[in-house]
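Chemist: Produce the complete structure using the sequences and hints provided.
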Amino acid sequence: MQILNGLELSKTIKSEIKEEVDMMVASGDRPPHLVAVLVGEDGASQTYVNNKIKSCRECGYESTLIKKDKETTEEELIRLIKRLNVDDHTPDIQKYSKEADILIVAVGKPNFVTKDMVKEGAIVFDVGITRVEDKKMKRGYRIVGDVDFESVAPITSYITPVPGGVGPMTVTMLLYNTLLARKKTVSFNA
Numbered sequence: 035m036q037i038l039n040g041l042e043l044s045k046t047i048k049s050e051i052k053e054e055v056d057m058m059v060a061s062g063d064r065p066p067h068l069v070a071v072l073v074g075e076d077g078a079s080q081t082y083v084n085n086k087i088k089s090c091r092e093c094g095y096e097s098t099l100i101k102k103d104k105e106t107t108e109e110e111l112i113r114l115i116k117r118l119n120v121d122d123h124t125p126d127i128q129k130y131s132k133e134a135d136i137l138i139v140a141v142g143k144p145n146f147v148t149k150d151m152v153k154e155g156a157i158v159f160d161v162g163i164t165r166v167e168d169k170k171m172k173r174g175y176r177i178v179g180d181v182d183f184e185s186v187a188p189i190t191s192y193i194t195p196v197p198g199g200v201g202p203m204t205v206t207m208l209l210y211n212t213l214l215a216r217k218k219t220v221s222f223n224a
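Quick note: the sequence shown uses the numbering used here, first residue 35, plus one each step.
The set of hints was computed from the structure by calculation and includes no laboratory data. Treat the hints with care, as some may be off.
What the hints assert, rightly or not - When the alpha-carbon atoms are kept at most 27 Å apart in a straight line, the in silico DSS-like pairs for lysine-lysine are as follows:
1) K172 / K143
2) K129 / K149
3) K116 / K101
4) K104 / K116
5) K86 / K104
6) K153 / K143
7) K116 / K88
8) K132 / K153
9) K48 / K129
10) K88 / K104
11) K48 / K88
12) K153 / K169
13) K45 / K102
14) K169 / K143
15) K52 / K88
Modeler: Written as structure tokens, this is what we have:
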């Protein structure tokens, strides 16, 4: 029997991470920033999160711990996570998006990516999904993506619409992967 020592391997990898973060900071960039959200008072979860914060310190990361009580609803948690995932500090985002042959957009801001941010002939996957108020719609809103489809579509070689692009495939592949997982638990070989 051999023991796979995660502690020793993690020390080696964290040392490499710290070295890269130190170079990043020395060149004037911001260090990575990890936000941990702890819901409730579970002791094991507290230990796990504390280890994350400690590891961030060791590697030169910034870190933030947000504690929520156990009554926090799923909806509140999702709103918090979406807010945390928005990074308005990416410098010169247009420069990077304009160079991309394949652009995958998931920023959580409706119509954020415009024609001037996309390289002609690029392939664009719009993963965003936002409800935008629209009194003309029976339900009072319409679904839009993070890409301004009307302005961007004419200059792309391929683009996914919202709705009707990435979303249906995400759901379908979830179903497919669930089927694969289930087939592994029963002796069914179709």
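Chemist: For which of the previously enumerated hints does the structure constitute a violation, in increasing order of number?
Modeler: 9, 12, 13
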